[in-house]
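Q: Given the structure of chain F, go ahead and fit chain L onto it with the hints provided.
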Amino acid sequence: MEPDEQAEHLFRQESGRLVAILTRLFGIHNLALAEDVVQDAFCRALETWKFHGVPKNPSAWLMTTAKHRALDIVRRDATARKFAPDLRPFLESEWTMSQVVEEAFDAGGIKDIQLRMMFSCAHPQLQEETQLALILHLVCGFGMDETAAAFLKNTAAMQKRLQRAKTTLAGSRELFDLSGAQDVAARLPAVTRAVYLLFNEGYHGASAQSPVRADLCVEALRLVSLLLANPVTSTPTSHALAALLHFLAARLPGRVDAAGDLVLLVDQDRSRWDAALIAEGHRQLDVSAGGTGVTPYHVEAAIASVHAAARRIEETDWGAIVSLYDTLMRIQPSPVVALNRAVAVAQHEGPARGLEEIDRIPDRRRLLRYTFYYSARGEFECRLGRLREARKEFETALELARNPAERRFLEGRIRNCGRPSRTA
Amino acid sequence: MPEFIFLYRNTQEARREMSGSPERAQQSMQKWRAWFKDLGERGYLKNVGQPLDHAGKVVGGTKKTVTDGPYSETKDVVGGFSIIEAKDLDQAAQLASGCPVTDAGGSVEVRPVMRLDM
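If you're matching them up, the sequences are chains F and L in order.
FYI, the numbering used here numbers position 287 of the first sequence as 287, with every residue one higher than the one before it.
FYI, the numbering used here numbers position 106 of the second sequence as 106, with every residue one higher than the one before it.
The shape of chain F in the complex, shown without the other chains (with noise of 0.2 Å):
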């Protein structure tokens, strides 16, 4: 196979497979271990194929290296290094070993697996961003420096973080147990919790390279069609999540343009949005709808669906939009959802009542340090014709911004603040 044709990121994915199924057999508390064993796997696949190429199956090449090296180090270490609880009898006797270390290799399984480490990983005694780093680090095989990166963090202080989170998980020695309906009820929503911030990271991330991450939206799409996957975790919530996610990830090819600038919603090509994405995202919110609980995420998930079903923004239903922020507004009120309500609200009524809305926002003094904050206003006052209190606002929020897109893109709106765009 020439170089070109192989999976771009076939050792990331490979990687969280098998620290998970590798830490299935050892315990979590041999984590080390099972990271010990894949980089293993991997050294000797890079150093053969290098020469020989890449192998037809290269996933099933390492997933052989790694289940002999497990096998191996099962033979010679299982009574002294205590594998997983549940698997030690089995694991101590030459009768079963290597069946057991088949069997956790056996491809039918293997989802249940990431997704038993996806939920280790978010331990209630860790932090949100922590839990979220760990399911990057372990279940999508990030790197140490490219999980720093996605947190706009050094490397050696989120080492030191992971290394910590890793300690706190080997106190419960097993992969979390998907069995009990209740503690999976406890655990599922800082588990989707974290793939809807792993996906806005990508989405809305703070990198000063690019204001676009594809590649963290992709692992989020991964991640959540492992809880579809699974009948315990495929909740009503699950597919609300899935459902936004992939109305979103259909806007993001006309999300930024040619010269690498972010293009507000109702500036973009719609012919570019992702047609099957949409159509996925509206089956996952027709099942989203058989529970009886309304999360947050099926109302955004709704309101994507709205912007996805018009073909023009002028063909846009503001005023549903409007009361779906209501909705957002009664069951997870913050100033960031009021601010958006509030852009919605211009759209459908003008910029006249947008300023008015935003001035009505409770809390409105969290959202001084938002660049978004200044940036709607300065739009409404550019509508309202009051061009120097437009570039006053936009002055600020050119200060705040995180990143080259977003300052390029303020200096085009301060620069054109004469020529009102339609965008809000």
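In short, the hints are calculated from the structure, not lab data.
To be clear about the criterion: a stretch of chain L counts as covered by chain F if any three or more of its residues have a C-beta under 8 Å from a C-beta of chain F, and this derived list gives those stretches: (1) 19-33; (2) 38-52.
Below, in silico cross-link-like pairs of lysine-lysine (DSS-like), each with a Cα-Cα straight-line distance of 25 Å or less: (3) F:K111 / F:K56; (4) F:K82 / F:K166; (5) L:K46 / L:K87; (6) L:K37 / F:K56; (7) L:K31 / F:K56; (8) L:K87 / L:K37.
Negatives, chain F to chain L, calculated, CB over 10 Å: (9) K166; (10) D177; (11) Y203; (12) V212; (13) D261; (14) S334; (15) R360; (16) L368.
Each residue gets a CB set at the ideal place from its N, CA and C atoms; glycine is no exception.
A: Just chain L now, with coordinates in the frame of chain F:
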């Protein structure tokens, strides 16, 4: 054309460094494949050669002593070899300078093959 053996030498640390993260391993492999491909297309690669396992035994001395592990007294280990065709040693060394093994601090030993008819 004269032939040269490239011996790829690496330390254990460099070896682990190359697969320090999945993405790193991927990039490293892509670089190696691209490098070999380029050598091949330009007609320098006589035989891509073979990787060598880092395990091994050393047999030596009049008593034929057998020692485990490759070469405990040297820090770097030969991880593989290739056969290259080049105009002369200088050109061969020039070709070796692009080898990805150097990225993590490894080296290429370039050795002309001695021939009877020379």
